[in-house]
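> Chain by chain, the residues run as shown.
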Amino acid sequence: MKLIRPLDCLIILIVLVIGIAAVFLFRGTTGAKAEVYVNKRKTAVFSLSGPESIKEIDTQIGKIRLEIGNGSIRVLQSPCNQRICILQGAIHHTHENIICLPARMVISITGPEDADNPYNQIDAISH
Amino acid sequence: MPFLIDKLKNKAPGAETLAICLVLTCSLQIMENLLPKIPIFPWLRIGLAYWVFLPFLIRFGVFPTLILFLLRNLITLLYGGQIFSSFLISSSSGIFSFVLAGSLLRFLYTREKIGLVGLSILLACTFNVVQLGIVNIMLVQHADFYFQLSPILIWSLVSGCLTAFLVFKSRETLDLLLSLKLNLKNGGLLLQDKPSGVRSYFLLFLAVSIFISLFLFEQFTFQVVLIPILLLVNRFKNLKILLFAWPFYFYIAILHLFRSEGVYILGEWITREGLDAFLFYTARTTNVILCGQWIARFLPSLVNTFTENRYLKGFLLAMPILPALFGISISLGNELFDKLKKRRFSDLLDPIIEKLLGELRKLENPGPNKLN
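Sequence lines, in order, name chains A and B. Sequence positions in the first sequence follow this note's numbering and run 1 to 127. Sequence positions in the second sequence follow this note's numbering and run 1 to 372.
There's no promise every hint is true.
Once the Cα atoms are required to be at most 30 Å apart in a straight line, the calculated BS3-like pairs of lysine-lysine come out as [what the hints assert, rightly or not]:
no.	chain 1	residue 1	chain 2	residue 2
1	B	355	B	169
2	B	37	B	342
3	B	355	B	339
4	B	37	B	169
5	B	113	B	237
6	A	55	A	42
7	B	11	A	63
8	B	355	B	237
9	B	113	B	11
10	B	113	A	2
11	B	339	B	37
12	A	40	A	55
13	A	2	B	11
14	B	37	A	33
15	A	33	A	63
16	A	42	A	63
17	B	342	A	2
18	B	37	A	55
19	B	341	A	2
20	B	169	A	2
21	A	40	B	169
22	B	237	B	37
23	B	355	B	313
24	A	2	B	355
25	B	240	B	339
26	A	2	B	237
27	B	11	B	313
28	B	37	B	341
29	B	11	B	355
30	B	342	B	355
Which stretches of chain B does chain A cover? Using the computed rule of at least three CB atoms under 8 Å from a CB of chain A, they are [to be verified]:
no.	segment
31	59-65
32	109-115
33	163-177
34	337-344
Simulated from the structure, these hints should not be mistaken for laboratory data. Cβ coordinates follow ideal geometry from the N, Cα and C atoms, glycine included.
Build the full structure now, drawing on both the sequences and the hints.
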C-alpha cells in the first residue's frame with residue numbers, strides 16, 4: 001500500500017489550479033438585491049441597500065427570519081434541524097447563495113448590473 | 001509487508017465485516033456531526049466515513065462499497081437525525097460517484113498508477129462535485145451556484161489527504177477488519193425458539209411499520225404514547241441505552257431548546273416553541289432507540305430464517321449493535337482525540353473495533369433475550 005505516487009502530486013496540482021481558477025471565474029461583485037426562492041419559485045426580492053431590517057419568509061417547515069441591509073443578507077432564525085443556513089452567516093456578493101435544504105429555500109444575490117438589463121426595464125414599465 | 005487490502009480477490013465481504021464496517025461508518029458520521037462546523041462553509045465535512053469506505057472499495061470493489069454506503073445512510077437517517085432531503089442527495093451523489101469514478105479509480109490504484117492520496121482526493125472531488133450538481137438541479141437551477149466549486153475542490157484536497165493518511169496509518173487494523181471471520185455459529189445467533197417464517201415476516205413488517213410511522217406521524221401525542229408501549233415490549237430492560245444517547249439529547253437541546261424564536265417562558269433563554277420542538281424530537285429519538293432495541297431482540301433470529309444474502313445478513317447482524325451506537329461514537333471520539341494528542345496514529349481504530357467485536361460476540365450468548 002503506497003500513500004503517494006508521482007501521479008498523485010499532479011492530481012493535487014490540477015485540483016488546486018481548478019479550485020483557484022474557479023475563484024476568479026466566479027468572482028462576484030457587490031450585490032444590490034437578494035432574491036428568495038422557495039420550492040424553485042421566486043417569492044421575494046429585497047434591496048440590500050439601506051439600514052438593517054428583519055423580514056420573514058413562509059416555507060413548508062415554518063417561518064424563516066432574515067436580516068437584510070447594509071449590503072448583506074443572512075438567516076437569523078430557522079426551524080430547520082441543522083441550522084446550516086444560519087451558520088453560513090451573511091452573504092454580500094453576486095454568485096453567493098444561502099441554501100436551506102429542509103425548507104427548500106434558496107437566497108441568491110444579484111448585482112446592480114441587472115438593473116440595466118433590458119428585460120428588467122421592460123418589466124418595470126409594464127408594472 | 002504486503003497487505004490483504006491490496007490483494008484484490010474481488011471477494012464479497014463477509015457478513016461480520018459488513019456489520020462492523022456499517023456500525024463503524026455510522027459512528028464516524030455521528031461523531032463528525034457532533035463536531036463544530038466550519039464558519040462561512042458549514043456544509044463542508046471531512047467525510048471520516050471514507051476511512052472505512054476507501055479500503056472497502058480497494059478490497060471489495062464498487063458494488064459492496066455502494067451497498068455499505070447506502071446502508072450507512074439508511075441507518076443514520078433513522079438514528080442520526082439526518083433529514084430526508086439530505087439522505088436523498090447524499091445517497092444519489094454516492095451512487096453516481098461510486099459508479100462513475102469508483103471503478104476507474106480502483107483500476108488506477110491497483111495498476112499502481114495512483115496512490116492512496118490520489119484515490120482519496122479524486123473520490124472526494126467526484127462526490128462533492130456530483131453533490132453540488134444534484135443540489136443545483138434539484139433546487140437552485142442557476143449557474144452562479146457553481147461559485148461553490150472553488151471551496152469544495154480545495155476542501156476535497158484537504159479532506160482527501162487526511163482520509164488517505166488515516167487509512168495508511170491504520171492499514172494493519174483495517175486489513176484484519178476486512179478479512180474478519182468470527183465463525184459465529186448459527187446457534188449463537190439463532191434463538192432457541194426459532195420463529196416460523198410467517199412469524200418472522202410479521203415481526204419484520206411490524207418493526208418496519210413502527211419505524212415508518214415514527215417519521216410520518218409528526219404528532220407529539222403519538223410519540224409520547226409510543227414510549228411506554230416500547231418500554232413494555234422491552235420489559236424495561238437495559239434502559240442505560242438511553243443514557244448512552246445523552247449527546248444526542250444534548251445536541252437536540254442546543255438545536256431546539258436554546259435557539260428557537262418565540263414566546264419566552266423561562267427568562268430570555270427558553271421559548272415555548274423551542275420547548276415544544278425539544279420535547280417532540282426527544283420523544284422521537286427515545287422511540288427510535290427503544291424500537292431499535294426491541295428489533296435487536298429478534299432480528300438476529302431472522303438472519304438465518306429467510307436469507308442467505310450476505311449483505312442482508314451483515315445488516316441484520318449490525319442491528320443488535322446499533323442501540324449502543326451513541327456510546328460507541330463518543331468513546332470513538334474520545335479515543336481519537338487522545339491518540340491524536342499523543343500523535344499515536346498507528347492504532348487509532350484498534351480499541352473501537354475491539355469494542356464492536358465484543359458487542360458482536362455477545363450475540364453468541366443472547367442470554368435472557370428470548371423471543372416469546
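> Now tell me, hint by hint, if it's right for this structure.
Structure-based check of each hint:
Distance hint between residue 355(B) and residue 169(B) is fulfilled; the C-alpha atoms sit about 20 Å from each other, no more than 30 Å. Distance hint between residue 37(B) and residue 342(B) is fulfilled; the C-alpha atoms sit about 24 Å from each other, no more than 30 Å. Among the hinted pairs, residue 355(B) with residue 339(B) is consistent with the structure: their alpha-carbon atoms are about 17 Å apart, no more than 30 Å. Annotation: proposed proximity of residue 37(B) to residue 169(B) holds, straight-line Cα distance about 25 Å (limit 30 Å).
Straight-line distance between C-alpha atoms of residue 113(B) and residue 237(B) comes to about 54 Å, which puts the hinted pair past the 30 Å bound. Note on residue 55(A) and residue 42(A): the hinted pairing holds, with a Cα-Cα distance of about 15 Å set against a maximum of 30 Å. For the proposed pair residue 11(B) and residue 63(A), the alpha carbon gap of about 52 Å is over 30 Å, so the pair is violated. Taking the CA atoms of residue 355(B) and residue 237(B), the gap is near 21 Å; set against the 30 Å cutoff, the hint holds.
A C-alpha spacing of about 23 Å is found between residue 113(B) and residue 11(B), which places the hinted pair at or below 30 Å, so the restraint holds. For the suggested pair residue 113(B) and residue 2(A), the alpha carbons sit about 10 Å apart, so the restraint of at most 30 Å is met. Distance restraint check for residue 339(B) and residue 37(B): the Cα-Cα separation of roughly 22 Å lies within the 30 Å cut-off, and the hinted pair is therefore satisfied. Proposed proximity of residue 40(A) and residue 55(A) is supported: the alpha carbons are some 19 Å apart, at most 30 Å.
Only pairs whose Cα atoms come within 30 Å are accepted, and residue 2(A) paired with residue 11(B) is accepted, the gap being roughly 22 Å. Our distance criterion of 30 Å between C-alpha atoms is met by residue 37(B) and residue 33(A), whose separation comes to about 28 Å. For the proposed pair residue 33(A) and residue 63(A), the alpha carbon gap of about 21 Å is at most 30 Å, so the pair holds. Of the pairs offered as hints, the one joining residue 42(A) and residue 63(A) holds, with about 16 Å between alpha carbons and a cut-off of 30 Å not exceeded.
Between residue 342(B) and residue 2(A) the CA atoms are separated by roughly 24 Å; this keeps the pair inside 30 Å, and the hint holds. This hinted pair checks out: residue 37(B) and residue 55(A) have alpha carbons roughly 26 Å apart, not beyond 30 Å. At most 30 Å may separate the alpha-carbon atoms for a hinted pair to count; residue 341(B) and residue 2(A) meet this at roughly 25 Å. Only pairs whose Cα atoms come within 30 Å are accepted, and residue 169(B) paired with residue 2(A) is accepted, the gap being roughly 11 Å.
Our distance criterion of 30 Å between C-alpha atoms is broken by residue 40(A) and residue 169(B), whose separation comes to about 46 Å. At roughly 36 Å between alpha-carbon atoms, residue 237(B) and residue 37(B) are farther apart than 30 Å, so this suggested pair is violated. Simply put, residue 355(B) and residue 313(B) have alpha-carbon atoms about 20 Å apart, close enough for the 30 Å limit, and the pair holds. Taking the CA atoms of residue 2(A) and residue 355(B), the gap is near 29 Å; set against the 30 Å cutoff, the hint holds.
Distance restraint check for residue 240(B) and residue 339(B): the Cα-Cα separation of roughly 27 Å lies within the 30 Å cut-off, and the hinted pair is therefore satisfied. For the proposed pair residue 2(A) and residue 237(B), the alpha carbon gap of about 49 Å is over 30 Å, so the pair is violated. Annotation: proposed proximity of residue 11(B) to residue 313(B) holds, straight-line Cα distance about 16 Å (limit 30 Å). Restraint check: the Cα-Cα separation between residue 37(B) and residue 341(B) comes to about 20 Å, which is no more than 30 Å; the hinted pair holds.
Distance restraint check for residue 11(B) and residue 355(B): the Cα-Cα separation of roughly 26 Å lies within the 30 Å cut-off, and the hinted pair is therefore satisfied. In summary, the hint linking residue 342(B) to residue 355(B) is supported, as the alpha carbons are separated by about 21 Å, within the 30 Å threshold. Residues of the segment 59-65 of chain B with a Cβ under 8 Å from some Cβ of chain A number 0, which does not satisfy the need for three, so the listed coverage is violated. Three residues within the 8 Å Cβ limit are the bar, and the segment 109-115 of chain B against chain A gives 4, so the coverage statement holds.
Proximity of the segment 163-177 of chain B to chain A, defined as three or more residues with a beta carbon under 8 Å from a beta carbon of that chain, is established by the 4 residues found. Counting residues of the segment 337-344 of chain B whose CB lies closer than 8 Å to any CB of chain A gives 0, so the stated coverage by that chain is violated, three being the minimum.
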